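Chains as they are written, first to last, in our numbering: chain Y, 167 to 319; chain L, -11 to 696; chain U, 176 to 295.
Some clues are possibly wrong.
[Unchecked claim] SDA-like mimics (lysine to any residue), calculated; alpha carbons at most 25 Å apart, straight line:
hint	chain 1	residue 1	chain 2	residue 2
1	L	659	Y	257
2	U	247	U	217
3	L	213	U	283
Hints are computed from structural coordinates only; laboratory data are not their basis. No experiment lies behind these values; they were computed from the predicted model shown.
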Amino acid sequence: MAERVSTTRYLSFTLGDEIYGVPVERVEVVLEMQAITRVPNAKPQIRGVINHRGSVVPVVDPRVSFDAGLTPLGEESSIIVMQLIYEGETLTAGVLADNVSEVLDLADAELEAPPLVSGGGRDSFVRNIARQGERFIVLLDIDATLLAAEGRS
Amino acid sequence: MIDKFKDAFREEAYELLSQLEDILLELEASPKDLELINAAFRAIHTIKGSAGMFGFEKPGRFAHDLENLLDACRAGKREVDKTVIDLTLRARDKIRAMIEQDESEGSFDEEAQLLIHEFRAACTGYCEDKAQPQATAPSAAAQRDGQASPSAAPAGAGGIRSYRIRLVPARDIFLSGTRPLKLLEELAALSVMSAVANFSAVPSLDTLDPEACYTSWDAILSTDKGIDAIRDVFIFVEDQCELSIDELGEADDEEGHTKKLGEILLERGAIQKPALDDALKSQRKLGEVLIDTHAVSSSELQAALAEQDHLKRVQEKHVDTGSSVRVASEKLDQLVDLVGEMVTLQARLSRTSGELADTGLSSIAEQLERLVSQLRDNAMSIRMLPIGSTFSKFRRVVRDLSRDLGKQVDLLTEGEDTELDKTVIERLNDPLVHIIRNSLDHGIEQPHERKAKGKPEGGTICLSASHSGATVEIRVSDDGNGLNLEAIRNKARERGIMGPNEELSEQDTMQLIFRPSFSTAQNVSAVSGRGVGMDVVKREIDALGGGVYLESKPGQGTTVVLSIPLTLAIIEGLLVRIGGERFVIPLSCVEACVELEEQEGLSEDGSALIHYRGDLIPIVDLRRSFAVPGEQPALRQVVVANDQGTRTGYVVDAVIGDYQTVIKPLGRLFKEAEGISGATILGDGTVALIIDHKRVSEAARRQKGRVH
Amino acid sequence: MTILVIDDSAAIRQSITYILQQEGYTTVEASDGLEGLAKLDGGDKFDCIITDVNMPNMDGISFIRKARENPKFKFTPILVLTTESQGSKMNEGKEAGATGWIVKPFSADKLLAVVKKVAE
Chain Y
167 MAERVSTTRY LSFTLGDEIY GVPVERVEVV LEMQAITRVP NAKPQIRGVI
217 NHRGSVVPVV DPRVSFDAGL TPLGEESSII VMQLIYEGET LTAGVLADNV
267 SEVLDLADAE LEAPPLVSGG GRDSFVRNIA RQGERFIVLL DIDATLLAAE
317 GRS
Chain L
-11 MIDKFKDAFR EEAYELLSQL EDILLELEAS PKDLELINAA FRAIHTIKGS
39 AGMFGFEKPG RFAHDLENLL DACRAGKREV DKTVIDLTLR ARDKIRAMIE
89 QDESEGSFDE EAQLLIHEFR AACTGYCEDK AQPQATAPSA AAQRDGQASP
139 SAAPAGAGGI RSYRIRLVPA RDIFLSGTRP LKLLEELAAL SVMSAVANFS
189 AVPSLDTLDP EACYTSWDAI LSTDKGIDAI RDVFIFVEDQ CELSIDELGE
239 ADDEEGHTKK LGEILLERGA IQKPALDDAL KSQRKLGEVL IDTHAVSSSE
289 LQAALAEQDH LKRVQEKHVD TGSSVRVASE KLDQLVDLVG EMVTLQARLS
339 RTSGELADTG LSSIAEQLER LVSQLRDNAM SIRMLPIGST FSKFRRVVRD
389 LSRDLGKQVD LLTEGEDTEL DKTVIERLND PLVHIIRNSL DHGIEQPHER
439 KAKGKPEGGT ICLSASHSGA TVEIRVSDDG NGLNLEAIRN KARERGIMGP
489 NEELSEQDTM QLIFRPSFST AQNVSAVSGR GVGMDVVKRE IDALGGGVYL
539 ESKPGQGTTV VLSIPLTLAI IEGLLVRIGG ERFVIPLSCV EACVELEEQE
589 GLSEDGSALI HYRGDLIPIV DLRRSFAVPG EQPALRQVVV ANDQGTRTGY
639 VVDAVIGDYQ TVIKPLGRLF KEAEGISGAT ILGDGTVALI IDHKRVSEAA
689 RRQKGRVH
Chain U
176 MTILVIDDSA AIRQSITYIL QQEGYTTVEA SDGLEGLAKL DGGDKFDCII
226 TDVNMPNMDG ISFIRKAREN PKFKFTPILV LTTESQGSKM NEGKEAGATG
276 WIVKPFSADK LLAVVKKVAE
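So that you can see chain Y by itself, here it is in the shape it has in the complex (with noise of 0.2 Å):
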């Protein structure tokens, strides 16, 4: 019966070689790449912000927030504005993407947990693995990228 399996609509992007995905419940809308305006003394992890319909929108490097460098802002790069959750409030903000691929059904039952071999980096943002024939996808629990560098410093 349809309503035994629950499943969960997902977008996902690459970010690398890796295809993550975040809840499509959340992302209000994918910008394609634009100036970024750079926030002195901010989070690191924290690119900037962009201005979006009037409002300024911060926007987020989740590279940066596993401690793998800064994202190259191509022409393929996209920001997906989304609903992020931050000390217990909800806010808007960009997430740096290299590619934007699709949106994914995905049924609760396939996922797995992911790896307990955490060595920090990018695996503690981890929340599930996706596995869709030969090719993963990292589920993440991506209000954790605002925290991270906190933690960390």
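Given chain Y's structure and the hints, the job is docking chains L and U onto it.
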């Protein structure tokens, strides 16, 4: 009038009276000496004239009849004989007695009445009594009474009436020190006025007398003050002007009908009916026809048009009076947000049209710019509220708290009408409560302490608001004990905030009480006299973009000064560039932009001092504080900012120009972004950051303090 | 704003001065017309002059005539202090070149209103 001058008057009167006595005795010997008679008259006249001013109405009134008698003598109408001298001497004694016994008002005693009777008798046949000045004096009041028009509505009847006023000043009116424009200003102050100046009498330059007045005026005035108030304006010039004041029909025509131009011209007598009818037959605009056919002079037409326009305005205003609409505040917020968007978009349009160099587009952009700026001012003004509504809440706070503390404290308020943005007012509430509680709790002493210090037992807290440029200054003053600076310094040393040998200026010391570490300790208040929660106040006011300052005099009280921007939503900013990045500095704090001279090299940490107008001011290299990447150009500029008299220079690459800045909050995520208070969207759609001037300059000063 | 106050009564002079100074005006005093003229020649600039009529040495009306002859004070507002009974003096004053008058006794408000009306 003023009691403090009563004694001065008394002394002067005694002196005059004793002079009068000498004069009278001399007069007895040479009764024809005109100088002496004049001197006697003057003495009595002066006493009479000033007595009333200092509360001696009765001797003044008494001197009046005596003055008449002496005036007759002075004018040669009556000889100075024994009767006159006798009477005057007796009257002199009587006046002195009245002044001595402080008989300021009331009825005359028998002796005085007898004297008055004798003056009059001595006068009979020689002099007319000037006691009824209305009969002869050309005073405006008298003329007014004679002419009082029955239609003049008494003031307060609520009726607004319109008057047509024509003022043709005499050519030489300037020579009496009269300024006709002042008269018009005074008229305008009565209510709504439209005036048209008529220059048709101004001659060509070669025959023009620069000291003559050639201009005349036609004005329409709508007021509820009545025709007397209008006449009063012209009280000094009635005889130097051709002046006519005519009342028009009811200004509030319920039908909303406004008079046609033709009707007005007819009423003004500028045109006759047949000529008007002729002109009306033509299909063109009446005004044009009348000018073309010379039926009406252009100044007459101007005046009539002004009248028509004025009546229309008054009518509209009348309909609007008192009607207001309640609007949910979110709707206002939305409106301001939308206007903000529009300002941004309009800036973008102006930029684009400039780039395209299309004249048609540029002119549209310019018009839109004007419109948007009007719309912006309008939207902002809707959000402005008088601060008085908050003030009244504090009465309760003061009342309750002073009762709890066993103190007697009065709250005085001033400047309740001062308007501030609604949001700002709301956010001011908590800090003000804090400050007032502090003043009550720690500032104002117990009644017995106050008494011991020779102060009134009841203390006073004064809450005042006033405009000061683009900011509003709110002051909370108490007449309490003032801040104990030494105790604050000791506490600071104890807590390691100040080095054991470090010295701080008074203001810097006072600023310490805004430090969080200072405020949290409960016992500080007992030592410093203040301190609970002042860090909260500072934080709130900083968040509003304002500043907190202290003034304190030992034993006399403390004043907390809050300087608050008028609005949170839009400010005037100065757009600057550093590398590829752009920042906005609030224009309200910018004093000047100067070039950074090469020899004024910055030290290692980017701080330095430069000379500016005889002042040595710290400069902050923003490229360095904000870690802007890229090559530093050879030539750079310094924006000199002034914060309550303290100057700081900001080194930037270039100053781009003024910028209407719609402030967008950065949000919680940027708490640690020190030196940045918000963001704004530029004409090209990108975001620029607004520099938190107060923080940066404070940081610079702290740094400077360390260097020294 | 500087105002010249001419009156032979020190009490009146002082009270006028007091009222004006309370409002922020600067005042210069003279006790008769002659002294008043001397003040005009003294190089001071006056924005308004208030003078009494009946004074020893030189009366107010003569003072105004003389003052108007001085090009510096040709257009300066001059107010005459009169009493109710001196209606004719108002006329004389106006003819001599006075700008307006203040009727004694007057209140502080009245004085200030008239000064504001002609000067400033």
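Checked hints:
Proximity of residue 659(L) to residue 257(Y) is assessed by CA-CA distance (about 14 Å); at most 25 Å being required, the pair is judged to hold. Under the criterion of a C-alpha separation no larger than 25 Å, the hint pairing residue 247(U) with residue 217(U) is consistent with the structure, at around 12 Å. The hinted pair formed by residue 213(L) and residue 283(U) meets the criterion: a straight-line CA distance of about 23 Å does not exceed 25 Å.
Checked against the numbered hints above, the structure violates none of them.
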